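**Student:** Sequence:
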Amino acid sequence: KKIPKNSLLSMPSYSSTCPKCTLIQSDPMACLCELCGASLLPQVAKKRRPLPPSTNIARTQTTTKKRKANDPKQRSILSFFRKQGEPMQMVSSDLSEGASTHPFDGKDIHSESAIAPTQHLPPASDDDQDFHAPTQPFQEEHENTAAVAPATQLYNSDTDDDQNEHDVKTKADLKLSIAPTQLYDDNDDKSKTEANLSITPTQLYNDDDDDKLITDATVINQEEPMDLLHDKFESRRGLQQLVSDEGSVYYRVIASTLSAVSSTRSRLSKERALVNAFSWLNSAQCEAEEFEATAYLLAPVKDSQTGGHRLQPDFISPEGGLGLGWRSVIEQAILDATGCSRSELTNARKKASDSAEAAAMLLKRLGTRRWCFGGKPRTLTVTEVRDNLLKLGLMNGPGANSRKSKLLTSLFGRATPNEMAWLIRTCNAHMSCGISLEASVIPALAQALNPRCPTQEVRAAYARRPDVRCVIDALLQSNNNNDDAISILKNIGVSFGIPLQPMLATAGNSIQHALRDFGSDQILAEHKYDGQRAQIHYADGTTTMYSRKLDEITNKYPQLVHILNSKLGNKCIILDAEIVAENTDGEGGQVFQALTSKRDDVSLVVFDLLWFDNRCICDLPLFERRRLLIEEVLPIESSSIRLAKSIQIDRNSLAIVQKELMHAVAANCEGLVLKQLDSKYEISGVGIRSKAWLKLKKDYIEGMVDSLDLVPIGGWRGSGRKSNWISPILMATYDQETQELACVSRVMSGFSDEFYAAFTKRVLGPKGIKATIENDISDLNLLIRNGPAPGVNTSENCEFWFKPGLVWEIRAADITLSPTHRSAMGIFHAKRGLSLRFPRFIRERPDKRLEQATSSSQFANFYRQQQSRGDTMTLSISNAKPLDDDEKETPLSSKPKRRILHEDGEQVARSLLVYDNDAELSPPLPLPSSTVVAEEDGDVGCVEQRRLILLGADES
DNA sequence: GCTGGCTGCCC
DNA sequence: ATTCTGC
DNA sequence: GCAGAATGGGCAGCCAGC
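The UniProt record's numbering puts the first residue of the first sequence at 1, with every later residue one more than the last.
Because the hints were derived from the structure by calculation, they are not lab data. Since we're looking at a predicted model, the values are computed, not measured. Be careful, since some hints might not be right.
[To be verified] Derived EDC-like pairs (lysine to aspartate or glutamate); straight-line CA-CA distance at most 16 Å: (1) K803 / E851; (2) K350 / E851; (3) K691 / D517.
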């Protein structure tokens, strides 16, 4: 079996001499001997267990299954304890109890690492140096000699070249990096990145102190170091380093792979490192469970939005998170594991690129003394790490945090510095290394197990059934039998009871473009309700609901579940729907906020049917699915369950869409979703948005939503790629009479990198963020060192405070009643101010002085307008046309009707939106604050007494 | 038993 | 959720 | 155009500490 040479992600090169017949292969990439057919891949004794007969079967919960007592590994642990006369409480899956309280306590360390001897050392050879106990255990290491991995972070916010050259030198001198997080290179100089890559012999052996002690002999033996980035693979020594004799993959595979992945920005290189890792596991004939644990641990963060964890399929456990806070758990564990004080950690943090690296530096400083008590480094295995992390997530009740930190301490105690750094990043749910499970790890897995498997196919299979194990089983099957991966993956289908990845809509920013880009003429314009997405699996009186991210939410809405159970009868269906809170008495407009606090009195707005008549109907066109939904499912009598409001249009219905958008907004919806009526329910990958659905939100369309002119009053130092800049930034309203600056919202979205760099320098001086690191800041143009400016009203504790003076335009989707922000506090609620939903920076307003910024009373007025949005819209619309359902059939009025938008104040309205039933429409013009108040005909509905500026059809 | 802070999960 | 950026 | 990073408001649930 040959690997195609033209494959972008080719396999690592293997030994080119057959171990059986000693024929030298002509093709160095061959996996099987040309003469005798023997495998050229390195072998270990362990045989992969038989695969399940079919991949299309319901998942059994193998991930949480404990190793059985007759497992050879477990047996050897037990016998070891008997030999030692130790109590048998310490088993690998239960490290939390009786864990060491201090790392230098010899006895505890000893028992903690007692598992290590069960890992048989490989037979003596040159390669075994790595595992030898250090001969000079108490030797102190110097930081700069200890670090082998070059510091690869290039966090240069500076745009001038001199500064960058300086940084390069500093970087080389310090060599602080242990586990480089992703490169953030502001400079375009590619050669720098390349140089870094070429001198990164990635760190399977040489990333840690304890390795370093092995010194010269090791270095000599590392003529061909294992290099995850450059496809070099030396099989003779490799496998013993990666996989234990029992076939367990060491966690160091994860740590090294992630270090390699984060050391480059190139997606291909990242992918190659991942493919290599899985190729090794395949060479070692690892079992599916090892692949699975490895895959999850390479990308253990559920998604960057929420930061939750995923160590097994989402639907298996309703609680995905581990409940590990930095301050409550992780920090304590680091201090215990390194024996350092809080202030030492804080100091280390200043030199490191992130907290994980800081902790690893401290551990590295500890040197090898911690191994002296009989422990062996690098014996952590992936399944063990995964099981312990899952266990952390299950710990609750009084004292949970200290139990968690003890368990973590014991894991850290057996980790090398680099492993510890990645464990910490895992616990923090902040890997920041440029890969995700669905888009990088799964395709790499496929590439390693079957290079002919197209990425698209695995991703789609995983989206149909988001269960890594299922995909691995299929790929292993195709790998074993040399089968066609595509046909095997096609067997992984949507399964009732297992949530599938919901279809997502692409964002559209103008109606014209949206309609033009559609490939089909028949379009459904559906209201986009403001609630929570729900996928409902219902069979014979039992409902299970899943969220957009596939967590189970059945218990969140008991009343709704009860209604479904009693109404849907003897069916078996999967519905796609939105849960909304519509009866928001007295909370006008706050539909979403109402939903999050209410659990009853919510209704279900259904818009799709995915399973019917005992089969998946995703491949049917939308109009067929809707027909079935309307005819077969929704004739039920319940005020809580109904169909999403929609109209059918064609591609030339610009004006109708515009009007429908108005209706939707008036009905407290977020906007519209335009759907091609002949499209399938596309499940092409997790997170992939389909073009057959297009969402039109009111705030995407300029001029349909408020924007405010706010004053930046403070900010914080960013993290990751923004760590050299100030981000986020706290914005406030300004009241001229009282000179009060009341906080409204933090903003972090909408700023370009260029803007950040300029603003940070403007605040902190030419040294930028470095000034704060070097404690070299004084009051500058914009910076106030000792607290907020006079008049600032906020509960926020900013790192930096600014002198007020700048005015920036900020746009948002909605105004919310806020428990934290202070602007307009007391007007609508004694203890609540106003804030913004989805705030983003639009532009600077250098033309505006502080006095012209939005005031808290203006802000309050915007909120009032929003609250009465539905009323206002209805008034205008009902003046224009009837709202009946047969509206679309009635001929359009020949008389133009217009919406006039106005702005309060002296200046002429900066913009307006003309809404015209004739084909000709003026493009929407920018508008800072908008209210629909009038029709040209003279029917005027005012929200408030305001001066109106009416612009006629001919005026520009 | 209450409150404040942290975490996870919605948008 | 939004937005920006490198690939 | 994809994929990923950084981080928005705000709620409930949970735990720690008073």
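**Student:** Give a verdict on every hint.
**Tutor:** Going through the hints against the structure:
1. K803 / E851: 14 Å, holds
2. K350 / E851: The given pair, whose Cα atoms are some 39 Å apart, is violated under the 16 Å limit.
3. K691 / D517: 9 Å, holds
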